[in-house]
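Model the full structure from these sequences, guided by the hints.
Each chain is listed here by its residues.
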Amino acid sequence: MYIHKLNIAIITLFIILGMLVSACKKKETTYYYEVPDAAVTGSSVIKPNQKSTLEYVSILYADLMGQSIPQPELTRMVTSYEAFGDDRIIEDLIIRNLLNRQDADIPTTPEMRANPTQFVDAMYQRFLVRKPNDYERMYWVQQIQQDTSLHPDILYYAVLTSVEYRHY
Amino acid sequence: MKRRQFIRTAGATVAGIAAAPYILPSGSLFAATGNRRVGHVVFCMFAGGVRNIETVHMNDGNLLPNLITGAGGISPDILGGMTALPAAAAQSLQTFGTVFKEFRYAQGPTGHFNGHTTAITGQYTQVDLNLRERPEKPTVFELYRKHNNPATSALNAWWVSNGLGPYPSLNYSNYPGYGIGFGANMIAANSLVNADAYSVIGNTKNFTDPQLAKAAALRDFLDQQFKTLTPDSARLNTALDETRLKLFINSLYTKAFSGQFNDPLQTGPGVMNGDLYNIAFAEEVITEFKPELLVVNLQGVDVCHSNFTEYCDNIRKSDYAVRHLWDKIQATPGMANDTVLIVAPEHGRNYDPNTLIDPYGRRAFDHTGDASSREIFCLIAGPTSVVKQNQLISTNMGESIDIVPTIAWLLGFDSAIPSGLLPGSPLTAAFN
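If you're matching them up, the sequences are chains A and B in order.
Just so you know, the working numbering puts the end of the first sequence at 168, numbered straight through with nothing missing.
Just so you know, the working numbering puts the end of the second sequence at 1432, numbered straight through with nothing missing.
No wet-lab data here; the hints were simulated from the structure.
By construction, the Cβ of each residue, glycine as well, lies at the ideal position given by its N, Cα and C atoms.
A portion of the hints provided could be inaccurate.
What the hints assert, rightly or not - Listed below are the simulated DSS-like cross-link pairs for lysine-lysine, each with C-alpha atoms no more than 27 Å apart in a straight line:
(1) B:Lys1205 x B:Lys1255
(2) A:Lys131 x B:Lys1227
(3) A:Lys51 x B:Lys1227
(4) B:Lys1246 x A:Lys51
(5) B:Lys1290 x B:Lys1246
(6) B:Lys1328 x B:Lys1290
(7) B:Lys1388 x B:Lys1328
(8) B:Lys1328 x B:Lys1255
(9) B:Lys1255 x B:Lys1290
(10) B:Lys1246 x B:Lys1205
(11) B:Lys1388 x B:Lys1290
(12) B:Lys1205 x A:Lys51
Said to hold, decoys possible - Label pairs and their calculated CB-CB ranges:
(13) A:Ala62 x B:Asp1220: 22 to 28 Å
(14) B:Asn1390 x A:Gln50: 51 to 57 Å
(15) B:Leu1421 x A:Gln50: 26 to 32 Å
This is how it looks when you write it as structure tokens:
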């Protein structure tokens, strides 16, 4: 019992001393860690609206094929949406179908690796209609440089199935 | 506290904790509290508007030889308009269950979508429905998934829709506390398994598992960066189930390309219509998922607005299709002898004809709310231990709104449904 009371007294003393020291301090200590020189900002992107099915497939087609979607193609896609209960599954299949087409506008892997920064900037502008911030750019470029198995279609697939791509 | 009292109190506390139900975020108990009578229910809406006069009253002969017991030959004047179908089964489905001969769609407009909505929600709709909106009241799928066991995958609940338009939206409602998170998977396969749909969702880029994992990691990074004011809506399926569903869709294309859907119900050439195909796709769902709850509809008889004889022929095709569905259930391990099949039209059809006459001289019929358009039948077939066999109830008994409570009662989640939510009652006269 005596030891227990002594412990409490010692802890209380340390707390009071700590408070006195911090109250008297005039200058804040600044710590520097070794992190890359990238500006880390919160997302300033404002895209409050979710794309409708019609908007989604029209924009998706234009983004990947470089031209407006022909009306018969649009009808087939919208019908497919209506014919299955889970939109995400149909979206995924449409994206993969377009990525598999010969005339899809997808850079080659050597083109991507020749200038990853340019590739990432172009990908963001094309699909997300904005520039990546420094942190995002650094992340994607690192992924491309560190993982030699990455191809442009995998990166495109990731972006096109993201939550941000479903919004405007 | 004395030792004996302490032990008694502690024991009671531990027992109480062990016995207490687990409460999930949905507010539901972990498992249904009622008794499950069967493991599976298949509800076939014999829809499109069918008169009792042509079905259970057999005014033009027995057009439902696979469903209802009766020997009447088809009227000679329309016989020439009947398609040759495989011979009817030796025993009708009535032998394996109960027929409510005078069932009623008692209230609401006699429109196809109204009738479908009533059958799937267990609620009459009093006004013409906005065709682009989901039901206002919870569907049987949501009631099942929320109150049977919220942890159950959506792969266990299926709505196999004959067509597009408003019907696909019957897989879940806008009712607060329910919705997509408790909805059913829906497939309108007649619009999905064809060359047009394949051109946009088939022939897809194949990624390896490591590539998919990498793409998922990259997507997660993007999703973490993006904050939206409109939170992503709840999902119908888990990521794992989504993968299985994509494989299922691809398997349907593979079968279509290999000719397996040329004559899937063994009807012979030139017989298949949208109804028969829809049953064939429902059977594909049964093969792949063995769902606990499956609802499938037929619509071909609606041709009666302009052609009475073709309507009679389509009743026969639907009869054959339902029998094929029953045989499929009985041939499926896990569902055989553990499934109740419910068959009922969504509404009837007028007593008085319109002005159109078909090539066989018969007048056509609409459905505009007279007494005849509210008269329907209901067949319930299932295991002998559950369903009363070979019972024909000829008195007025049962309504459309009783089907959902019956499904809930059979699957054992009826007592978990909030009091007052369903106006109907289980059709207990059909069961042992």
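Quick rundown of the hints versus the structure:
1. Taking the CA atoms of lysine 1205 (chain B) and lysine 1255 (chain B), the gap is near 19 Å; set against the 27 Å cutoff, the hint holds.
2. Distance hint between lysine 131 (chain A) and lysine 1227 (chain B) is fulfilled; the C-alpha atoms sit about 16 Å from each other, no more than 27 Å.
3. The hinted pair formed by lysine 51 (chain A) and lysine 1227 (chain B) meets the criterion: a straight-line CA distance of about 15 Å does not exceed 27 Å.
4. Taking the CA atoms of lysine 1246 (chain B) and lysine 51 (chain A), the gap is about 23 Å. The hint holds against a cut of 27 Å.
5. Restraint check for lysine 1290 (chain B) and lysine 1246 (chain B): satisfied, since their Cα atoms lie roughly 17 Å apart, inside the 27 Å limit.
6. Between lysine 1328 (chain B) and lysine 1290 (chain B) the CA atoms are separated by roughly 11 Å; this keeps the pair inside 27 Å, and the hint holds.
7. For the proposed pair lysine 1388 (chain B) and lysine 1328 (chain B), the alpha carbon gap of about 21 Å is at most 27 Å, so the pair holds.
8. Using a Cα cut-off of 27 Å, the hinted pair lysine 1328 (chain B) and lysine 1255 (chain B) holds, with the two alpha carbons roughly 18 Å apart.
9. In summary, the hint linking lysine 1255 (chain B) to lysine 1290 (chain B) is supported, as the alpha carbons are separated by about 19 Å, within the 27 Å threshold.
10. A C-alpha spacing of about 12 Å is found between lysine 1246 (chain B) and lysine 1205 (chain B), which places the hinted pair at or below 27 Å, so the restraint holds.
11. For the given pair, lysine 1388 (chain B) sits about 24 Å from lysine 1290 (chain B) by alpha-carbon distance, which is consistent with the 27 Å threshold.
12. In summary, the hint linking lysine 1205 (chain B) to lysine 51 (chain A) is supported, as the alpha carbons are separated by about 24 Å, within the 27 Å threshold.
13. In this structure the hint that alanine 62 (chain A) and aspartate 1220 (chain B) lie 22 to 28 Å apart at CB holds, the actual value being about 26 Å.
14. A hinted range of 51 to 57 Å for the beta carbons of asparagine 1390 (chain B) and glutamine 50 (chain A) is consistent with their spacing of about 54 Å.
15. Between leucine 1421 (chain B) and glutamine 50 (chain A) the beta carbons are some 30 Å apart, a value that agrees with the proposed interval 26 to 32 Å.
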